[in-house]
Amino acid sequence: MLELILIRHARSIPFGQGSADFERTLIESGVQDAARMGRRLTELQLKADLILTSPARRAKQTAQLFAREMQYPENDVREVEAFYNAEADTLLAEIQRIVSTCKHLALVAHNPGISWLYRLLANESVDMPTCAVAVIHFDLDDWQAVHADVGWSAHFEYPAKLPEP
Numbered sequence: 001m002l003e004l005i006l007i008r009h010a011r012s013i014p015f016g017q018g019s020a021d022f023e024r025t026l027i028e029s030g031v032q033d034a035a036r037m038g039r040r041l042t043e044l045q046l047k048a049d050l051i052l053t054s055p056a057r058r059a060k061q062t063a064q065l066f067a068r069e070m071q072y073p074e075n076d077v078r079e080v081e082a083f084y085n086a087e088a089d090t091l092l093a094e095i096q097r098i099v100s101t102c103k104h105l106a107l108v109a110h111n112p113g114i115s116w117l118y119r120l121l122a123n124e125s126v127d128m129p130t131c132a133v134a135v136i137h138f139d140l141d142d143w144q145a146v147h148a149d150v151g152w153s154a155h156f157e158y159p160a161k162l163p164e165p
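Just so we're aligned, residue 1 is where the sequence shown starts under UniProt numbering, counting upward by one.
No lab work stands behind these hints: they were computed from the structure.
Glycine included, each C-beta is placed from N, C-alpha and C at the ideal position.
Some hints here could point you the wrong way.
Below, simulated DSS-like cross-link-like pairs (lysine-lysine); rule was C-alpha separation at most 27 Å, straight line [as the list claims (entries may be wrong)]:
| id | residue 1 | residue 2 |
| --- | --- | --- |
| 1 | 60 | 103 |
| 2 | 47 | 103 |
| 3 | 47 | 60 |
| 4 | 161 | 47 |
| 5 | 161 | 60 |
Label pairs and their calculated CB-CB ranges [said to hold, decoys possible]:
| id | residue 1 | residue 2 | range |
| --- | --- | --- | --- |
| 6 | 16 | 145 | 36 to 44 Å |
| 7 | 82 | 162 | 17 to 25 Å |
| 8 | 75 | 148 | 32 to 40 Å |
| 9 | 31 | 101 | 17 to 25 Å |
| 10 | 145 | 29 | 20 to 28 Å |
| 11 | 155 | 71 | 12 to 20 Å |
Could you build the full structure based on these sequences and the hints that come with them?
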């Protein structure tokens with residue numbers, strides 16, 4: 001069985017407030033949300049053999065915070081250039097390139113692509129808010145076999161659904 005953890009980057013500086021889109025950083029509440037959601041994945045005993053992220057600063061920060069909370073080596077988080085503002089088909093193509101020895105894959109990306117990918121793979125229509133996590137399971141052994149409607153949603157959560165700390 002394969003497990004895919006989709007993560008939308010946490011809250012960042014609003015677009016147009018002095019930084020180029022690619023350079024936008026997380027705001028304090030985004031940092032806190034990413035750490036909380038990373039801890040939540042650990043509580044749920046979810047793990048990652050590999051974490052892939054968009055190279056945009058806000059996505060990289062989110063990926064590093066999740067990695068830290070999930071006891072995943074932060075230096076092993078891999079940037080994928082194609083993830084920056086990618087559509088679902090681009091994200092899927094990158095997923096299909098993953099070696100079959102990786103059974104638990106996490107990726108950090110942007111809307112609307114990350115929400116579209118969730119709809120495509122799990123056949124569920126949701127708009128992932130910032131720092132949302134969607135876990136999809138596949139009764140498959142190889143990422144190359146992943147395609148539309150072959151997975152099912154195992155978990156969906158975002159910071160506003162968590163109890164206050």
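_I want to verify a distance hint. Is the separation of the beta carbons of residue 16 and residue 145 within 36 to 44 Å?_
holds (41 Å)
*Going straight from one Cα to the other, do residue 60 and residue 103 come out at no more than 27 Å?*
holds (22 Å)
_Holds or violated: residue 47 and residue 103, Cα atoms, limit 27 Å._
holds (10 Å)
*Can the suggested window of 32 to 40 Å be confirmed for the beta-carbon pair residue 75 and residue 148?*
Given about 34 Å between the Cβ atoms, the range holds.
*Check the following: the C-beta atoms of residue 31 and residue 101 are separated by a distance inside 17 to 25 Å.*
About 32 Å separates the Cβ atoms of residue 31 and residue 101, which means 17 to 25 Å is violated.
*residue 155 and residue 71, beta-carbon distance inside 12 to 20 Å?*
holds (19 Å)
*asked:* Holds or violated: the 17 to 25 Å window for the beta-carbon distance between residue 82 and residue 162?
replied: violated (31 Å)
*Mind checking the hinted window 20 to 28 Å against the Cβ distance between residue 145 and residue 29?*
violated (39 Å)
*asked:* Need the status of pair residue 47, residue 60: alpha-carbon distance at most 27 Å?
replied: Distance ~18 Å between residue 47 and residue 60 Cα, so the pair holds.
*asked:* Run the distance test for residue 161 versus residue 47: straight-line Cα separation, threshold 27 Å.
replied: Cα-Cα ~21 Å, so holds.
*asked:* For residue 161 and residue 60, compute the direct alpha-carbon distance and say whether it is at most 27 Å.
replied: holds (23 Å)
In summary, the structure is inconsistent with hints 7, 9 and 10 from the numbered list given earlier, while agreeing with the others.
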